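With the hints as extra help, turn the sequences into a complete structure.
There are 2 protein chains.
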Amino acid sequence: MRSIEVCFTPDLIRQHSLKEKTVVVVDIFRATSCIVTGLAHGVKAIKPIAEIEETLLHGPKGYVMAGERGGVVVEGFDIGNSPFEYQQDYLASRKVAISTTNGSQAVLKSQGASEILVGAFLNLEALAMYLVESKRDILIHCAGWKGTPNLEDSLFAGALIDEVAESLTISGDSALIAHQLFISAHENLLATALKSSHAERLKNFGTEQDLVFCMEESKYAIVPKLIEGELVIPT
Amino acid sequence: MRSIEVCFTPDLIRQHSLKEKTVVVVDIFRATSCIVTGLAHGVKAIKPIAEIEETLLHGPKGYVMAGERGGVVVEGFDIGNSPFEYQQDYLASRKVAISTTNGSQAVLKSQGASEILVGAFLNLEALAMYLVESKRDILIHCAGWKGTPNLEDSLFAGALIDEVAESLTISGDSALIAHQLFISAHENLLATALKSSHAERLKNFGTEQDLVFCMEESKYAIVPKLIEGELVIPT
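In the order they appear, the protein sequences are chains Y and V.
Using the numbering used here, the first residue of the first sequence is number 1, and each one after it goes up by one.
Using the numbering used here, the first residue of the second sequence is number 1, and each one after it goes up by one.
Keep in mind that the hints were calculated from the coordinates and are not lab data.
All values reported here derive from a predicted model rather than from experimental measurement.
Please note: incorrect hints may appear among the correct ones.
One copy or two, it doesn't matter: identical chains are merged, so the pair holds either way.
Listed below are the simulated DSBU-like cross-link pairs for lysine-lysine, each with C-alpha atoms no more than 35 Å apart in a straight line [claimed, not checked]:
no.	residue 1	residue 2
1	135	146
2	203	135
3	95	19
4	61	195
5	203	19
6	95	61
7	109	19
8	195	95
Following this line, the structure appears as C-alpha cells:
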C-alpha cells in the first residue's frame, strides 16, 4: 500500500525524501487558502516567490503582486494575504506573483518531488479524492510558523490523513501525531484552530473573518498543481 | 506567569531561545528513562557523550560505557540502552558514560540554558513539582527520532504540560499540539505509545518489556540535573 507522511515545517524537510513523491503544501493561515480561493475564482496562475524584491520585478511583467511579511501586506504590492482579496473580479484571468512568510517558502522547498500540489480545508475533499486515485507515496509539507510546527497546518494534515486512511498507510510519528490531533479536535475544529498562536497574532490585524473562511471545508473542488514554476488548475 | 514551550526535535532547537531557561530533555524510548532509572538505583553520575569513540575513552577512566546506535548495543560497550540494565547492583556508586542515537544529542544541544534536567514518565510527578516551584521559563526538548518528532516524547511533553498547566502559560503551537495529543490519549497512554514508529522498531529487538517499563508513571521521585557535564541527583 502507498504511504502518507507529514513534515511539520520546512526546517525539517531535509529529513524526508521527496523523490518520486507527491507533495501537498499546506499553509492554512493563509497562503494556500488564498491560492485555492484565487484559482477557484478564475486567477490564471499563481507563482510562488521567496523574496520581496523578485516579486516586485513581476509587476511590470503583468503579474498582480501579492503577499505579506509578519501578517502585513508588503509595501508596493497590489494585494495582501486575505482570501477575500483573491475573490475580486479584476483578478480573473490574471497571473499573481505571491511571496509570503511561510507558504511560498514551503512550495519552493518542495522542489525535487514528482508532483507539488496545494492543500487547504477549502479543497480538502477534491484533494483527498485526487490522492486516493494517484499512484505515488504522499508527503504533506506544512509551512508552519517561521520554522516551527503550527496548530492549523497540523490539524489539516490530520484531516487529510483521515480522509485517505483507508487507502494509504500512515507512515512515521509526525503523521500519527497529526492524525490523532485531528481526531481529538474535529468536533471543534474552528475553535481549536482559532486557539493557535498564529490565529492569535492575525486577530491583531482584524483578520478573524479570514480565519473563519480558511477553515471552511471543501468549498472548492479544485487541486492546484505546480507546473513550470506556477500553480494552476491542470487542464 | 512563567511559560512552558516544546521543541519536538533537536533539529528545531535553533528556533528556540535557551537563555535563562530551564530545559527538560526527554527521550522516553529509552535514554532519559534509563538515566532516571540508573540514578534512582544508585548510579553516581551519568555523562552524556555524542560520539562512540569518545565514550570508549571513558572505560579506562572507570566509567561504565553505555549506549546504542539504531537500537543495538555498541560493540565494546558494557551495557546497552535498557532500563533493566541500569538496575544492576554493580552499577551502584559507579559513573556511566552514555552515548545514544537521539537522547545524548538532545542533552548536548541544550547547552546554553540556565539549567538542564532530565524527564521521563518514570519521574513525571517529581519533575512537575520541581518545575512548579522553580523560577524560570521552561522548554521541553524532545529527542525525537533522527531529527524528526516522535510520538512518545510528544506524549510525555503533553503529560508534563498537563501537570503544570495551572502554574504556567502554554507557549507556542508545539506545546498546544503536545498537550492536546496527551489529553486525547491519556486513557490509553501505553497502547498509544506502543503504536509509535520507534516502538515498532524496538519490538524487533525484543524490547517490549523495556517499553512498558518506560511508560510507568512516577516510579522514581528524583530530578536529574546536568552539573559540570554530568547528570546527577543534586544534593
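Taking the earlier hints as the rules, which of them does this structure contradict?
4
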